[in-house]
Amino acid sequence: MRKIVQVLLPTIFFLCLLAPAMYTQADAAETTQPVVTVRAAKHADFFRIVLGSTDSLIGKAAVSARENSSFRIDFPAKVIFELGRKDADGNPIRLDADSKKPVNLLKGITISARPSGLSVTVDGLIDMKTTRLGNPARLVIDAVIERKSQEKADSIVQEKTEIPVQVDSLIIDPGHGGEDKGIHTANASEKDIVLGVARDLAAAIAKNGKKAVLTRKGDQMLSPEDRVVMANQLRGVPFVSIHTSLRKEVVVYYSSGGKGAPFRDRSEALAQRLAAQLKQELQVAGRAERLPGLFIAGIPSPAVLVELPSPATTSYDRKVRERVLRGLLKGLAAGSGKEDSQPAVQTPQKNQKPAEPVPPVPPKPKKKIADEI
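Mapping the sequence shown onto our numbering, position 71 (from 1) lands on 71, and the numbers just tick up by one.
Please keep in mind that the hints were generated in silico from the structure rather than gathered at the bench.
Computed from a prediction, not measured in an experiment: that's the story for all the values here.
Incorrect hints may have been included.
[Unchecked claim] The list that follows gives simulated cross-link-like pairs (lysine-lysine, BS3-like), each with its CA atoms no further than 30 Å apart:
no., residue 1, residue 2
1, LYS319, LYS207
2, LYS279, LYS259
3, LYS101, LYS78
4, LYS319, LYS279
[Said to hold, decoys possible] Simulated DEER-style distance windows between Cβ atoms:
no., residue 1, residue 2, range
5, ILE126, ARG235, 36 to 44 Å
6, ILE126, ALA62, 19 to 27 Å
7, THR131, GLY293, 31 to 39 Å
8, ARG66, ASP45, 20 to 28 Å
9, LEU246, THR131, 38 to 46 Å
10, LYS101, PRO76, 20 to 28 Å
11, ARG72, GLU289, 48 to 56 Å
Every residue gets a Cβ at the ideal spot worked out from N, C-alpha and C, and that includes glycine.
Using the sequences provided together with the hints, build the complete structure.
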């Protein structure tokens with residue numbers, strides 16, 4: 001027995017030393033696998049799915065259609081799929097390729113990972129467009145979906161509104177979007193509420209033969225810089241950014257500096273009108289307030305940021321949305337017109353030399369944001 005123990009002890013000791021090294025090699029093999037990030041966003045009539053990785057992997061990725069509104073993306077080697085969001089601890093969310101368990105990437109999109117590929121199912125898929133982009137390398141898949149008749153039924157604007165729309169054109173900016181939910185509860189989020197309000201307002205303006213431009217039409221993340229770039233491409237067009245607040249009140253902010261300084265009086269007047277009309281329609285406290293440092297200061301137009309009552313205190317059902325729309329339309333109509341798109345001009349007093357003309361600011365190159373999700 002003693003001889004057996006003497007033989008076994010060195011063997012066990014050697015295995016104990018070897019085991020951590022084996023695990024370390026396995027971990028190293030896993031970490032050397034390239035990572036493919038997966039993100040998605042909902043637009044008006046399509047989903048945009050973006051996969052990011054190395055130039056080699058993206059260049060060799062193969063997309064093939066399958067039955068039942070699904071398709072596959074295959075890579076030439078084993079990869080690790082990582083979602084474009086993090087868990088509660090701040091760690092990247094990775095898909096388990098061994099279990100092949102379906103995961104909801106977005107409402108309407110289900111994915112499941114394999115060691116070297118991804119299966120994607122899109123509700124109502126009717127067509128697909130694939131684009132490869134560089135710097136960084138991305139595979140962009142636009143999954144075209146059927147427009148649901150329910151979307152039209154859900155719209156609160158079915159015909160021309162009785163409230164006169166006096167603006168020739170308007171830029172409507174639904175705040176937040178994508179992974180940025182804004183203020184949210186268990187049942188509602190700011191990004192969805194303000195997108196619905198923005199669509200209502202755009203539809204009402206369009207029904208009256210006017211032009212409305214939405215900075216985002218779906219569940220899409222845009223930075224403040226992206227929104228300013230879009231507004232600068234339509235210089236002079238009034239800009240209304242829509243958000244919700246933390247309280248049961250309406251606050252309409254305006255700025256007095258930056259590129260919007262020449263439109264300060266117009267912005268303040270627009271903020272006062274919107275605050276008064278929304279306060280009356282929603283029967284809540286309301287005010288207009290100047291707030292320096294807002295991103296709208298970089299917009300060369302009359303610009304305001306509207307904060308509607310918090311989703312924690314207000315349920316944005318059909319009736320409330322109708323009241324919000326009436327308040328916005330009345331605020332835009334009350335004294336609003338073509339003069340809102342013109343900067344304030346001061347008339348020189350007697351014996352005062354007129355101000356030197358300000359040289360025109362050359363337009364900045366347009367920033368391409370079409371490949372963003």
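Hints, verified against the model:
1. Between LYS319 and LYS207 the CA atoms are separated by roughly 20 Å; this keeps the pair inside 30 Å, and the hint holds.
2. For the proposed pair LYS279 and LYS259, the alpha carbon gap of about 29 Å is at most 30 Å, so the pair holds.
3. Only pairs whose Cα atoms come within 30 Å are accepted, and LYS101 paired with LYS78 is accepted, the gap being roughly 17 Å.
4. With a C-alpha separation of about 15 Å, the suggested pairing of LYS319 with LYS279 holds against the 30 Å cut-off.
5. Taking the beta carbon of each, ILE126 and ARG235 are about 38 Å apart, inside 36 to 44 Å as hinted.
6. As the Cβ distance of ILE126 to ALA62 is approximately 21 Å, the hint placing it in 19 to 27 Å holds.
7. Between THR131 and GLY293 the CB atoms are about 37 Å apart, so this pair conforms to the stated range of 31 to 39 Å.
8. Take ARG66 and ASP45: their Cβ atoms lie about 21 Å apart, and the range 20 to 28 Å holds.
9. A beta carbon spacing of about 40 Å between LEU246 and THR131 agrees with the range 38 to 46 Å that was offered as a hint.
10. LYS101 and PRO76 have their C-beta atoms about 24 Å apart, which keeps the hinted 20 to 28 Å range intact.
11. The supplied range of 48 to 56 Å is met by ARG72 and GLU289, whose beta-carbon atoms lie about 53 Å from each other.
Hint compliance for this structure: every hint is met.
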